[in-house]
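If you're matching positions, the sequence shown starts at 114 in my numbering and goes up one per residue.
Among the hints, erroneous ones may be present.
Distance windows between CB atoms, simulated [to be verified]:
#1 D238 <-> G169: 38 to 48 Å
#2 G169 <-> L194: 31 to 41 Å
#3 Q219 <-> P132: 33 to 43 Å
#4 G257 <-> H227: 30 to 40 Å
#5 P263 <-> H227: 15 to 25 Å
#6 V261 <-> G221: 29 to 39 Å
#7 A168 <-> A253: 25 to 35 Å
#8 A253 <-> G233: 17 to 27 Å
#9 E231 <-> E145: 15 to 25 Å
#10 A168 <-> E145: 35 to 45 Å
#11 G221 <-> P132: 33 to 43 Å
#12 R178 <-> T154: 15 to 25 Å
I should point out that these hints are in silico values taken from the structure, not numbers from a laboratory.
Glycine included, each C-beta is placed from N, C-alpha and C at the ideal position.
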Amino acid sequence: MMSRLTTRLITYGALAARPLTLGVRGLVVDPENRVLLVRHTYVSGYYLPGGGVEAGETLEQALARELSEEGNIEIEGPAELRGVYLNRRVSRRDHVALFIVRAFRQSGPRAPDHEIAEAGFFALDALPEGATRATRDRLAECLGGGSVSPYW
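Sequences are here, hints too, so could you generate the full structure?
Set out below in structure tokens:
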């Protein structure tokens, strides 16, 4: 029988050799059917708000944290898990869980800072120039009846 130490070493070795990353994104839809998009200071384009899941955090906790940080959004009802996607643009090991959020409260507009240059709600027919392909694809899938892809 293997010792606990041996089991842990094997487990950590496997994680180091084959780590996966997991992130969350929120498709936040207001009562006027506008969607929250953010523009970061360190990368071009407009994105659905979100980020990485931290160790010990559930997907829902990560979503709540990221929406609070990036959009001053407090989730007030259940978020719908829309899908989990493989993000091949980052690596073969990156996955993104997408949630739709319709029940929320925003404490106020998100002021620009060192991470977020802009955050705001946009009508689907008036998305900002620079909305990324992945952002447009997810909006089409979730709100426009487009075909669903397994890839981000």
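Structure-based check of all given hints:
no.	hint	verdict
1	D238 <-> G169: 38 to 48 Å	41 Å, holds
2	G169 <-> L194: 31 to 41 Å	19 Å, violated
3	Q219 <-> P132: 33 to 43 Å	35 Å, holds
4	G257 <-> H227: 30 to 40 Å	34 Å, holds
5	P263 <-> H227: 15 to 25 Å	34 Å, violated
6	V261 <-> G221: 29 to 39 Å	34 Å, holds
7	A168 <-> A253: 25 to 35 Å	33 Å, holds
8	A253 <-> G233: 17 to 27 Å	20 Å, holds
9	E231 <-> E145: 15 to 25 Å	19 Å, holds
10	A168 <-> E145: 35 to 45 Å	37 Å, holds
11	G221 <-> P132: 33 to 43 Å	37 Å, holds
12	R178 <-> T154: 15 to 25 Å	19 Å, holds
Hints 2, 5 from the list above are not met by this structure, while the remaining hints are.
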